[in-house]
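S.K.: All chains, please: the whole structure from these sequences, using the hints.
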Amino acid sequence: MKRRRLWTLVVWGSLALSGSLAWAGDPTGAQTLKSDPGLPVDYVWVLICGFMVMFMQAGFACVEAGFCRAKNVTNLFTKNVMDFVVGSLAFWALGYGIMMGTDWKGLLGTSGFFLSGDGYDVGNYLTFFWQMVFAATAATIVSGAVAERLKFQAYLVYSAVITLFIYPIYGHWVWGGGWLSKLPYGLGHLDFAGSGVVHAVGGFIGLAGAIVLGPRYGKFDKNGRPRAIPGHSLPMAALGTFILWFGWYGFNPGSTFSAHHLRISVIAVNTTLAASAASLTALLIILLKTRRFDLGMALNGALAGLVAITAPCAWVEAWAAAVIGIVAGFIVVAGVYLLEGLKIDDPVGAVPVHGFNGIWGLLAVGIFADGTYGNYSIEPPFVKGLLYGGGVDQFISQLIGAGALILWAFGCGLVLFKVLDSLMGIRVEPKEELMGLDIIEHGTPAYPEFYTMNSQT
Amino acid sequence: MKRRRLWTLVVWGSLALSGSLAWAGDPTGAQTLKSDPGLPVDYVWVLICGFMVMFMQAGFACVEAGFCRAKNVTNLFTKNVMDFVVGSLAFWALGYGIMMGTDWKGLLGTSGFFLSGDGYDVGNYLTFFWQMVFAATAATIVSGAVAERLKFQAYLVYSAVITLFIYPIYGHWVWGGGWLSKLPYGLGHLDFAGSGVVHAVGGFIGLAGAIVLGPRYGKFDKNGRPRAIPGHSLPMAALGTFILWFGWYGFNPGSTFSAHHLRISVIAVNTTLAASAASLTALLIILLKTRRFDLGMALNGALAGLVAITAPCAWVEAWAAAVIGIVAGFIVVAGVYLLEGLKIDDPVGAVPVHGFNGIWGLLAVGIFADGTYGNYSIEPPFVKGLLYGGGVDQFISQLIGAGALILWAFGCGLVLFKVLDSLMGIRVEPKEELMGLDIIEHGTPAYPEFYTMNSQT
Amino acid sequence: MKRRRLWTLVVWGSLALSGSLAWAGDPTGAQTLKSDPGLPVDYVWVLICGFMVMFMQAGFACVEAGFCRAKNVTNLFTKNVMDFVVGSLAFWALGYGIMMGTDWKGLLGTSGFFLSGDGYDVGNYLTFFWQMVFAATAATIVSGAVAERLKFQAYLVYSAVITLFIYPIYGHWVWGGGWLSKLPYGLGHLDFAGSGVVHAVGGFIGLAGAIVLGPRYGKFDKNGRPRAIPGHSLPMAALGTFILWFGWYGFNPGSTFSAHHLRISVIAVNTTLAASAASLTALLIILLKTRRFDLGMALNGALAGLVAITAPCAWVEAWAAAVIGIVAGFIVVAGVYLLEGLKIDDPVGAVPVHGFNGIWGLLAVGIFADGTYGNYSIEPPFVKGLLYGGGVDQFISQLIGAGALILWAFGCGLVLFKVLDSLMGIRVEPKEELMGLDIIEHGTPAYPEFYTMNSQT
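Chains as they are written, first to last, in my numbering: chain A, 1 to 457; chain B, 1001 to 1457; chain C, 2001 to 2457.
Possibly wrong hints are sitting among the right ones.
To be verified - Some chain A residues close to chain C (C-beta under 7 angstroms, calculated; not the full set):
#1 Val-41
#2 His-232
#3 Leu-262
#4 Ser-279
#5 Thr-372
#6 Gly-403
#7 Met-453
If you are wondering where the hints come from, they were derived from the structure by calculation, not from laboratory data. C-beta: ideal position from N, C-alpha, C; glycine also.
M.R.: What follows is the structure, given as structure tokens:
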């Protein structure tokens, strides 16, 4: 009987994540409960983890606004509220169906729009809720890279496009039963909780946006040397990072989509150790360079480690998580300098944190996976990487997925921002940029009673 | 066997919410566990959701203080801490017994004070915890409407009175087995998670308070035209809204009081879509009117949608949640202008958000309930509204409950504030109001090291 | 069958908390699940509560920074990030093995370092995660007492030493099967969720640090009279307190380490009532003294109540929780004045809140335990204190544990800070202290765009 129970769970979990969703159309939940009385704890697990992922929106808002100047803070909070608002509605209408609906040639899903018909089912609503909070996260990541100079109406449009098409289509390839999930190397391309699907997609769209927009006024002097533009509130950025770290415990462990995978404890530990190792690494690198304990880099280091461990978190053990984190710490620091060297202005470091470390996380699966957990399953086959005798197969799948991601996200991003720019102009006027976006776009400063320096450099 | 299990759950859930609580007096929990080994997941669900509801106190504090002026911020945070402190103690002493104790003529409960005697029982403590965090929420809502001019000692008294009597008595009528729950139309008056019991009660007491107090100095010019008094920190208000939105995922889905109702996934989705639809609606209305993307209205829009979906969230499907949200967006904007037209000063918009939209949520049950969920039960009879062939019966019960609520809450509020005013004077001196309440009432400004403009308009 | 199930749980729970951990080396979790299909809900409970405890780091950061001056805010946030970063890595490497590994003569554990070998097991990772977030809390508490004058490099070193040795050794004595847990009075020394192990240990190390460092410049005038140094942001301190209060619902109820102890509902209620009673008490004492509603003392009062109820929360009923809270309110106020009288400068009140009230919590177990819950078990023997006919036995164990704690924590703290001081000097230069630590140690102020008064008194 226990075997049957396990089997049910595996099947159910696989179904939920495989794109071949055949819902019973049980909106009450009574039939679903009878078919598997062990489901309540899975629902509790997935929902509460999903709530924590939704709360990450607050974290992103605080990190981005904290690292930017006071004159753009109303703008950044409005963006971070509205991308969840617009994203959830857009994903409900079309995005979810494109991502998780009936597969069409491995490219996109074609059913399940508006949760209608047989989609009115407790299991389908559960899956939708989970995928929706993830989709909103991807859109939010972009806003950091294009901060302090993008028109708000352009923001609304691109947020919708990301959650309607760009994110769901790539998501379908990996999590919806699309072609990347069926690559013939290893177990196909694997991305446990979304280093690639969520973070790198967001990061590379953001990179495209930062390039199309060009740097903020004053970011580079006339010799092209970068100038530091300090954020207006380090406490806000730090609080945001704590909120994100907290929410990541929903993001990663919750991605088992089942509490019956006791492996969730391993995932929670790995998430912690990678974040800590990356934060310490980034802090020490800057300490050696500047003799200062740099809070901003410690925060971005922690986020970098969290992004990097997101894909491999379920398939590696503690020491590997720490190593993945150390590398993530190096990558985030190097990435910041690289972008500055290329004269690309990413105000909050979204590209190194989410883009570069997202790719690193995908590759790490192929290196460190240790053969103790399967494809969202506690039954074999298990995932094995280079260091555990799995050969290069899994690594090849990871490389292909990473390559596809960069081409898709960066390519779509370039097209999107270029088209929007030619249609409506995506950058605010220079005068507005100097004054800050808050007054003209939103009619109110963030802190109307406080005297602030209008930082123009 | 599965049937028996389901049956146990239904009975237990109904008991817990019906007022006829007959506790076994099992403080260890061993007997209770033996009687139903499926209870642990229900306890985990209810408790964690309850913790999230408690965390909403932080959200209310941030929203209220963010929307008010710096000179009153210490005061607002002190209020928001102390109403939870006083409210939890008052509800423990008397409120809980009045709300959920043995029914007396459908009017109030008469047992279970101080959790003593047979009340020392794991199930009773669970129910108390849940009802206590809800009661504290109702008290907190009022503070927004009376902000920036109410004496602190009056605040302490009225908070206690609300959690001791006003809230529990109305709560008994709906959730404690009182007369509203037994109306002969439909399934009696229904309010799943408290659009009425919690939010509208708080909102209409607040309306009474705002009327008795009169507007803040400078809110209306000598021709009676309203003047905008901007809040001192939009980031604080936005962070507070994110916290409230997060906490609402405890508030609404947790109100099943059982994880065995897999319908919790539907509730989570409905909660999201209503909030998003309302926020977008409110933003767009103000955009059309002013050409500005108004963050404050987007935030209040989200909260309005959350309030409105709170009563119907378990009984409707996704599209209905979105429609309920769109209407909520209109109501909150119209409500703000209506109050200004009536020369009533509600500094943070608590009355339109919680009062008017709370009533809307009650009525929406009678319109959109689709016959897929019962009275906190996954067994029939199910709740059906106008649009799903249920006729007007349920709507009539909702109307009666809404009418009773407005009479009770607004009436008690008027009496309470009038009596307090004649006893102790509830409004601070004009000089103190101009200086801000922080120095005189609390001895310290909120931000002693920052230079702030003392905003007197 | 139900009996067997109960028995499994008791055994498992006891094992997990007894130090004689014999892990199966099951990294997949499939075998563990088969051996007890009821485990998923326990894992969900422990993990989510653990996530909430981790989030308390954000609360500590906000409380400490809010109660300190703007010029040291970058420093305080960097400390609070880095002590979790360093603490989690140090506890992974050595601390956990010293605390929970195979017992050596009742003094320390000697196995399980780096989670390696058979330690790669879902149950072991779960236990590690839980103990790790607790260990990081203890280190964080110290930072409040030594705020605004300690060198950052000294901070990094002492954080590591605490999580590597001081905390785990005392933790082993109580929770790892060491000598205090085996005292022959009552059920041995008991500390349910760590009033002693976590809070008092942190508080008394902090006391040693505050003494070795000496008071901040300007804290005492030349006649030795204390001068108030207001914190720079009361909203930040209040938000931090709300976050801590929220996180405490993970800290205390989660310490059952099992959702099958339905007693978790009682623990949640007790946690609330103690916090509320203590906050109200502290507020009223200061009101009588100064005629002001003091927000800072209300916040510290709530924290004091939370600390005091942490040890007894599982063994007492509601009225006792309220009484424990009232006493905690008196203790925190008296403690603040006592330290000032002794010319000890504890900027945020960490010693009265965590140190003195931690000891009070330990003693309260011996007084109020009512014989309804065992040693992390719902099976007898149950814990009984003075007021419930248990005699003085349990109280004696509590006294011995409290005495050992003070000697160990205060002693180790003195040695640690003295040695560090002679090796590297732990106090910043007077000039740096006047300027604030942010610029010199971290290279950036917390709020670079806001005009602030540099508060030197």
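S.K.: With reference to the structure, classify each hint as holding or not holding.
M.R.: Hints versus structure:
1. Val-41: Because about 5 angstroms separates Val-41/A from the closest Cβ in chain C, which is inside the 7 angstroms limit, the hint holds.
2. His-232: It holds, given that the least Cβ distance between His-232/A and chain C is near 5 angstroms, below 7 angstroms.
3. Leu-262: At 3 angstroms from the nearest chain C Cβ, Leu-262/A passes the 7 angstroms test, so the hint holds.
4. Ser-279: Hint on Ser-279/A: holds, closest Cβ of chain C at ~5 angstroms, below 7 angstroms.
5. Thr-372: The hint holds - Thr-372/A has a Cβ within 7 angstroms of chain C, the shortest such distance being about 4 angstroms.
6. Gly-403: violated, 31 angstroms
7. Met-453: holds, 5 angstroms
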